[in-house]
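With the hints as a guide, bring the two chains together.
Below, each chain spelled out in residue letters.
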Amino acid sequence: AQSVTQPDIHITVSEGASLELRCNYSYGATPYLFWYVQSPGQGLQLLLKYFSGDTLVQGIKGFEAEFKRSQSSFNLRKPSVHWSDAAEYFCAAGGVTGGGNKLTFGTGTQLKVEL
Amino acid sequence: KAGVTQTPRYLIKTRGQQVTLSCSPISGHRSVSWYQQTPGQGLQFLFEYFSETQRNKGNFPGRFSGRQFSNSRSEMNVSTLELGDSALYLCASSLAYQANEAFFGQGTRLTVV
Chain A
1 AQSVTQPDIH
11 ITVSEGASLE
21 LRCNYSYGAT
31 PYLFWYVQSP
41 GQGLQLLLKY
51 FSGDTLVQGI
61 KGFEAEFKRS
71 QSSFNLRKPS
81 VHWSDAAEYF
91 CAAGGVTGGG
101 NKLTFGTGTQ
111 LKVEL
Chain B
1 KAGVTQTPRY
11 LIKTRGQQVT
21 LSCSPISGHR
31 SVSWYQQTPG
41 QGLQFLFEYF
51 SETQRNKGNF
61 PGRFSGRQFS
71 NSRSEMNVST
81 LELGDSALYL
91 CASSLAYQAN
101 EAFFGQGTRL
111 TVV
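First to last, the protein sequences are chains A and B.
Start counting the first sequence at 1; every next residue gets the next number (the numbering used here).
Start counting the second sequence at 1; every next residue gets the next number (the numbering used here).
Bound-form chain B, shown alone (with noise of 0.2 Å):
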């Protein structure tokens, strides 16, 4: 069974650019969230998505977005790219919502220059 894959691995920006993350989380799974890991920061928690609804959002300006599709599919966007942006985004992906278990996959490392 594959795991969950992030695209791209490695991303370089400028600052005041978009980006767009994409996740396929395992197959079955319908609830993809992702997290911002930085060092200064540690892991904080972005949102969460299932059935192709935002369903928890953490503390994160409107710049960070998301959507979910109907494979279950996410994609993250970033708008108007900071330095401060900079960081590895990790998505997981969870059997349901509620499923108390989630599985990582390697992350996107996003450099903002």
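Just chain A, same shape as in the assembly (with noise of 0.2 Å):
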């Protein structure tokens, strides 16, 4: 069965410091893959995307990620962060022939920023 698997429900961070969250997929085949942040009550902003090509992907708010074929991963990272990075991030797969548009999503990592 397709999943995606985010090994860390929370993680905290200090303002300023690396942060990197973790993303495992689990697929017959490489999925197009995805990291979207949701902030209380909202809906999901999306943050960057991976469909081939570099395996490392810049996106929005200086957010980054490196996908790695060899570990079925897709990594999160930004070098310095901010106090208004404080969120859930989501990471999700799709791209399956005849899945549409539809993603599976992993169960998120709630991001604490201590000031």
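Treat each hint with caution, since some may be false.
[Claimed, not checked] List time: in silico SDA-like cross-link candidates among lysine to any residue, alpha-carbon distance up to 25 Å:
| # | chain 1 | residue 1 | chain 2 | residue 2 |
| --- | --- | --- | --- | --- |
| 1 | A | Lys49 | B | Gly3 |
| 2 | A | Lys112 | B | Gln106 |
| 3 | A | Lys112 | B | Gly42 |
| 4 | B | Lys57 | A | Gly98 |
| 5 | B | Lys57 | B | Gln17 |
| 6 | A | Lys49 | B | Ala99 |
| 7 | A | Lys68 | B | Ala99 |
| 8 | A | Lys49 | B | Gly28 |
| 9 | A | Lys61 | A | His82 |
| 10 | A | Lys49 | B | Ala2 |
| 11 | B | Lys57 | A | Thr97 |
| 12 | A | Lys49 | B | Arg30 |
| 13 | A | Lys61 | A | Pro7 |
| 14 | A | Lys49 | A | Lys112 |
| 15 | A | Lys49 | A | Asp85 |
| 16 | A | Lys68 | A | Ser84 |
| 17 | A | Lys49 | B | Arg55 |
| 18 | A | Lys61 | A | Gln42 |
| 19 | A | Lys112 | A | Ile9 |
| 20 | A | Lys49 | A | Asn75 |
| 21 | A | Lys61 | A | Leu19 |
| 22 | A | Lys49 | B | Gln17 |
[Unchecked claim] Just the calculated beta-carbon pair ranges, DEER-fashion:
| # | chain 1 | residue 1 | chain 2 | residue 2 | range |
| --- | --- | --- | --- | --- | --- |
| 23 | B | Tyr10 | A | Gln110 | 18 to 28 Å |
| 24 | A | Thr5 | B | Thr38 | 15 to 25 Å |
| 25 | B | Glu82 | A | Leu46 | 14 to 24 Å |
What the hints contain is simulated information worked out from the structure, not anything from laboratory work.
All figures in this text were calculated on a predicted structure; none of them were measured in a lab.
Ideal Cβ placement from N, Cα and C applies to all residues, glycine included.
Structure representation (structure tokens):
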């Protein structure tokens, strides 16, 4: 079965520190991969996406993610976290032929930023 | 360009009632997908509509249904509401079927009492 795993439920970092959120996927073929962010009571905002090509992708708000086929991973990183980055982050996979725009989401990682 | 609009933002319903939620996609987008978000189950795919036809369906009971109109606006309906249907329902808009990029609305918060 297709699945996306985010091993960390909660992460706390200090403002200005670097951040890495982990994501692993299990699919028959390499899916398209996405990171979304959700603030409380809000919808999901797309941070970045990977379809193919360069394995390091840049997104909005200073985020980047690296695709590693050998590890089935797509980890999200940010060199210096700002207090406004506190939110919940979701990794998602899709792009399966015949699957339309259906996304399979991980369980999310809640990021807390200490000032 | 306006984003994805979901109405209403909040709803309170009683067990056994039915409810209809609405989603207007981004102008020019023809695919609408629906997701249910709960603390226990996370984000789960309900169904996707493209060109007024349901193209994919998640693992939800038949009480959950939807439709899409010729202007791409979509509605989802939940009949015979149960307490467990309390959730944030999110609508996602995509340019086409298999567009592989989805833009989400702010959601409708449904509370069943």
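To test your reading of the hints: which numbers does this structure violate? 16, 22 and 25
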